[in-house]
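Enquirer: What follows is each chain in one-letter form.
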Amino acid sequence: MKTGKELKPGTVIRIDNDPWLVQKAEFTKSGRNSAIMKTKLKNLLTGYKTETVYSADDKLDDVILDRKEATLSFINGDTYTFMDTTDYTMYELNAEDIEAVLPFIEEGMTDVCEAVFFEERLVSVDLPTTIVRKVAYTEGSARGDTSGKVMKPAKLSNGTELSVADFIEIDDMIEIDTRDGGSYKGRAKS
Amino acid sequence: MASWPGQGLPLSHGRMDFLPAMLLSAMIYPDNRRFFQGAAMKAHWDIFCCVVDNYGDIGVTWRLARQLVAEQGLAVRLWVDDLKAFVRICPEAQTDAAQQWQQGVDVRQWPTQWQDTAVADVVIGAFACQLPPAYVQGMLEQPRAPLWLNLDYLSAEDWVEGCHGLPSPQPNGLRKVFFFPGFTPKTGGLLREADLLSRRDALQSDPAVRNGFLQGLGIVPEHNARLISLFAYENPGVASWLDALAGDSRANHLLVPEGRVLGDVKDWLGEQVLTVGSIARRGALTVQILPFVSQDDYDRLLWCCDFNAVRGEDSFVRAQWAARPLLWHIYVQEEYAHWEKLEAFLDLYVQGLSAPAAAALVQLWRGWNMDNDMGQAWQQLLAHWDELDCHAHRWSAVQAAQPDLATALVQFYRNWL
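Protein sequence lines, in the order shown, are assigned to chains A and B. When we follow numbering that gives the first Met the number 0, the leftmost residue of the first sequence carries the number 0, and every step to the right adds one. When we follow numbering that gives the first Met the number 0, the leftmost residue of the second sequence carries the number 0, and every step to the right adds one.
Don't read these hints as lab results, they were simulated from the structure. By construction, the Cβ of each residue, glycine as well, lies at the ideal position given by its N, Cα and C atoms. Be aware that one or more of the hints could be misleading.
Coverage of chain A stretches by chain B, computed from C-beta distances (three or more under 8 Å per stretch; other residues unrestricted) [what the hints assert, rightly or not]:
#1 10 to 21
#2 26 to 34
#3 45 to 55
Calculated cross-link-like contacts (lysine to aspartate or glutamate; reagent style EDC-like; alpha-carbon spacing at most 20 Å) [unchecked claim]:
#4 48(A) <-> 25(A)
#5 37(A) <-> 157(B)
#6 37(A) <-> 60(A)
#7 133(A) <-> 171(A)
#8 39(A) <-> 157(B)
#9 48(A) <-> 91(A)
#10 48(A) <-> 60(A)
#11 265(B) <-> 233(B)
#12 37(A) <-> 339(B)
#13 133(A) <-> 105(A)
#14 37(A) <-> 25(A)
#15 23(A) <-> 176(A)
#16 39(A) <-> 160(B)
#17 67(A) <-> 86(A)
#18 23(A) <-> 125(A)
#19 4(A) <-> 334(B)
#20 7(A) <-> 125(A)
#21 4(A) <-> 333(B)
#22 185(B) <-> 50(A)
#23 41(B) <-> 70(B)
#24 23(A) <-> 157(B)
#25 23(A) <-> 160(B)
#26 37(A) <-> 160(B)
Work out the full structure, taking the sequences as your base and the hints as a guide.
Expert: In structure tokens form, the structure reads like this:
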């Protein structure tokens, strides 16, 4: 059982006996300390997609999924091929299936991901909680701040934009927390 | 499970319960008679209201229930778990009645131990309240499940448009739908009775009617005094605002209905006790304590005032219909989530104002909600009074051009059918 608040990309819930993959989940405080979760769901049997809203405390039947370690093998257009690290089986996913983590997927990444299977079919991929990426572009430090509290925009090599500490420079390696859509965590230790 | 008669299901008391509401509504609102020609075919709506705190929950659901009966000819049951709160806004109601008819609405005490009851065609859970499990089971057992709506909170934030009308399929097979009130065409709109603005205009354009209403509440403002209503939560900004009102060159008459802000007013006045009817004067300011009045009278009070300080959701919307400059005390949420909601509304509301007037309004609202000094902000606002007054009219007219919430709900139901 999961609550609406616990839904996140990769979760599969059962509705009318069908498994639905959560592809996107946006948490919002609606009013007077109640909250909602807007989700994008995909029916794993029919491929049908829909948007839904749940109250944070709605109780939902989640489906127990198999998970295996996998790494990104290559990208071909909108198709992402992952390889099982134990038996070298190749699995393909469309960009839509990994929409939530797509901003942090890039060619050459070596992160050991968790491939999520429903009835032996790969349905999603979870990134590690912390990943390391190189900053492709950012403006120079405007204020010479070294505290890490002043933020500025930066771009990764795949075009993803995020806020980083003011002292971060081009080609710096940074740590990113992939939960809640991905946020700057700190400069990676060399 | 009991059922509504007239739906091909076993006859019970349910449909008969609703007939008085329909007849009453037809008598009060002759235009609605046509709705009752096929009364047996009319939809039944259940509205569930869990009173969490204050009067917003019951205020919104009571208004909605009344409007659905009066204007849409629907049979409406309003389930309330705290009738004491209901009696504050509907003084003729009883606190201990399991069932009572009020203005055509079948008002029910929402019992702790749920009794078997017929399921309506449309079920509204207000503000994410949890329906009785036995009632939900009854919904499942219907040949066709009712339309189940979650009527959510009012917010001007962008995400509301993207969530309004979205389904919420439940594990048991039922589908709930999220319905969001709001200020833009892609939302469910605001509660507004069909004749509200014409009644407002009639009162505001006739000084005799206005004065008559005020005198009925014991209010006799000094000639040319600025009349202000104050309905707010506890607020440290009260003192600096009242200082400004007391030091004004123009007389100010502040009307304070009983409520949570009374303590701050009492402290500022230095009075030991403030009760209904109390009148105190400090400089240019007269403070008068009013009883907690019915919703209709509160509307009239807002229409009579030159400026209205309101709070929460229900009075906030009603002050917008008053078409007078207003000040909103927003409900405080965890992690300051309410600030985003405040800013979202301000972003919408100030559109069309000159930059200085918008800045003055924003400064006053932020000051009120972020515990800042109100004195200077009030002075700034006064400098733009005429513009803000015109803008309040314009805003009201723009909002009134959109379908009201009750109409939108009924239209949603028709489309769902």
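Enquirer: Starting from residue 37(A), check that the Cα of residue 157(B) is at most 20 Å away, please.
Expert: With Cα atoms ~13 Å apart, residue 37(A) and residue 157(B) stay inside 20 Å; holds.
Enquirer: Are the Cα atoms of residue 48(A) and residue 60(A) separated by 20 Å or less?
Expert: holds, 18 Å
Enquirer: Taking 8 Å as the C-beta cutoff, is the stated coverage of the stretch 45 to 55 of chain A by chain B satisfied by three or more residues?
Expert: That given contact holds, which follows from 6 residues of the stretch 45 to 55 of chain A lying within Cβ reach (below 8 Å) of chain B.
Enquirer: Please verify whether residue 23(A) and residue 157(B) have alpha carbons no more than 20 Å apart.
Expert: With Cα atoms ~18 Å apart, residue 23(A) and residue 157(B) stay inside 20 Å; holds.
Enquirer: For the pair supplied as a hint, residue 7(A) and residue 125(A), confirm whether the alpha-carbon distance does not exceed 20 Å.
Expert: Between residue 7(A) and residue 125(A) the Cα gap is close to 10 Å, so the pair holds against 20 Å.
Enquirer: Residue 265(B) and residue 233(B): Cα distance at most 20 Å?
Expert: holds, 12 Å
Enquirer: Next pair to validate is residue 4(A) with residue 334(B); report whether the Cα-Cα distance is within 20 Å.
Expert: holds, 16 Å
Enquirer: Check the hint pairing residue 4(A) with residue 333(B) against an upper bound of 20 Å on the C-alpha distance.
Expert: With a Cα-Cα distance of about 16 Å, the restraint between residue 4(A) and residue 333(B) holds, given a limit of 20 Å.
Enquirer: Mind checking the alpha carbons of residue 133(A) and residue 105(A) for me, to see if they're no more than 20 Å apart?
Expert: The given pair, whose Cα atoms are some 11 Å apart, holds under the 20 Å limit.
Enquirer: Between the alpha carbons of residue 39(A) and residue 160(B), is the straight-line distance 20 Å or under?
Expert: Holds, at roughly 15 Å.
Enquirer: Within 20 Å, alpha carbon to alpha carbon, are residue 185(B) and residue 50(A)?
Expert: Between residue 185(B) and residue 50(A) the Cα gap is close to 16 Å, so the pair holds against 20 Å.
Enquirer: Are the Cα atoms of residue 37(A) and residue 25(A) separated by 20 Å or less?
Expert: holds, 5 Å
Going through the hint list in order, the structure satisfies each hint without exception.
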